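Quick note: the sequence shown, position 124, residue 124 per the numbering used here, numbers continuous.
Note that these hints are calculated values from the structure, not bench results.
Treat each hint with caution, since some may be false.
[As the list claims (entries may be wrong)] No farther apart than 20 Å at their CA atoms in a straight line, the calculated lysine to any residue pairs in the SDA-like style are these:
{"no.": "1", "residue 1": "K47", "residue 2": "L138"}
{"no.": "2", "residue 1": "K29", "residue 2": "I43"}
{"no.": "3", "residue 1": "K47", "residue 2": "V25"}
{"no.": "4", "residue 1": "K47", "residue 2": "K80"}
{"no.": "5", "residue 1": "K80", "residue 2": "A70"}
{"no.": "6", "residue 1": "K47", "residue 2": "R60"}
{"no.": "7", "residue 1": "K29", "residue 2": "L138"}
{"no.": "8", "residue 1": "K80", "residue 2": "F63"}
{"no.": "9", "residue 1": "K47", "residue 2": "A6"}
{"no.": "10", "residue 1": "K47", "residue 2": "L31"}
{"no.": "11", "residue 1": "K47", "residue 2": "F63"}
{"no.": "12", "residue 1": "K47", "residue 2": "Q116"}
{"no.": "13", "residue 1": "K80", "residue 2": "I43"}
{"no.": "14", "residue 1": "K47", "residue 2": "S20"}
{"no.": "15", "residue 1": "K29", "residue 2": "H108"}
{"no.": "16", "residue 1": "K47", "residue 2": "A16"}
{"no.": "17", "residue 1": "K80", "residue 2": "W2"}
{"no.": "18", "residue 1": "K80", "residue 2": "L138"}
{"no.": "19", "residue 1": "K47", "residue 2": "I7"}
{"no.": "20", "residue 1": "K29", "residue 2": "I8"}
{"no.": "21", "residue 1": "K47", "residue 2": "E35"}
{"no.": "22", "residue 1": "K80", "residue 2": "A6"}
{"no.": "23", "residue 1": "K47", "residue 2": "G109"}
{"no.": "24", "residue 1": "K80", "residue 2": "V64"}
{"no.": "25", "residue 1": "K80", "residue 2": "G144"}
{"no.": "26", "residue 1": "K47", "residue 2": "H108"}
{"no.": "27", "residue 1": "K47", "residue 2": "V69"}
{"no.": "28", "residue 1": "K29", "residue 2": "A12"}
A quick note: this is a predicted structure, and the numbers were derived from the prediction, not measured.
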Amino acid sequence: MWIYYAIILFIAILGADQFSKFWIVNNIKTLSEHEFIPDFLSITNVKNTGAAWSMFTGSRGFFVIIGIVAIAIAGYYLWKCRYDFGYETAITLFIAGACGNLISRIVHGYVIDMIQTDFINFPIFNVADSALTVGVILLMILIGFNKPLRKRD
């Protein structure tokens, strides 16, 4: 049964990511900003050719290779941790986010970012970035609490 949960979560995250990127590209001009929730959240269309905070701009091939390797390693650990709900969730979120950004890099040559926080100065990000971040934080919490792997009932 674990595989159904992982597949549904993966499809939901990847679908939301790809739909949001498609919608942004087709409805919002590049670099234009639209207030979504006043003084809290704006929607924009940014082409990010680098990594987080646009670091290492223009390294498309490098990021494609790193993305594929990261997804493969995470997939191995997903299989290994398949009976533990917490680890399964964290790794599936990571894989879905990594796949979302990898698809953008391969198809467009860059990652499409669109979510801008207006209440703090933070880089513009997307749904895949959010899934990656939540997955990594959850994984760090599980590892930090030394949560052993256990078989689910």
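Here is how each hint holds up against the structure:
| no. | hint | verdict |
| --- | --- | --- |
| 1 | K47 to L138 | violated (28 Å) |
| 2 | K29 to I43 | holds (11 Å) |
| 3 | K47 to V25 | holds (10 Å) |
| 4 | K47 to K80 | violated (36 Å) |
| 5 | K80 to A70 | holds (15 Å) |
| 6 | K47 to R60 | holds (12 Å) |
| 7 | K29 to L138 | violated (35 Å) |
| 8 | K80 to F63 | violated (25 Å) |
| 9 | K47 to A6 | violated (30 Å) |
| 10 | K47 to L31 | holds (8 Å) |
| 11 | K47 to F63 | holds (15 Å) |
| 12 | K47 to Q116 | holds (13 Å) |
| 13 | K80 to I43 | violated (38 Å) |
| 14 | K47 to S20 | holds (14 Å) |
| 15 | K29 to H108 | holds (16 Å) |
| 16 | K47 to A16 | holds (18 Å) |
| 17 | K80 to W2 | holds (12 Å) |
| 18 | K80 to L138 | holds (17 Å) |
| 19 | K47 to I7 | violated (29 Å) |
| 20 | K29 to I8 | violated (32 Å) |
| 21 | K47 to E35 | holds (19 Å) |
| 22 | K80 to A6 | holds (13 Å) |
| 23 | K47 to G109 | holds (9 Å) |
| 24 | K80 to V64 | violated (24 Å) |
| 25 | K80 to G144 | holds (19 Å) |
| 26 | K47 to H108 | holds (9 Å) |
| 27 | K47 to V69 | violated (23 Å) |
| 28 | K29 to A12 | violated (26 Å) |
Hints 1, 4, 7, 8, 9, 13, 19, 20, 24, 27 and 28 from the list above are not met by this structure, while the remaining hints are.
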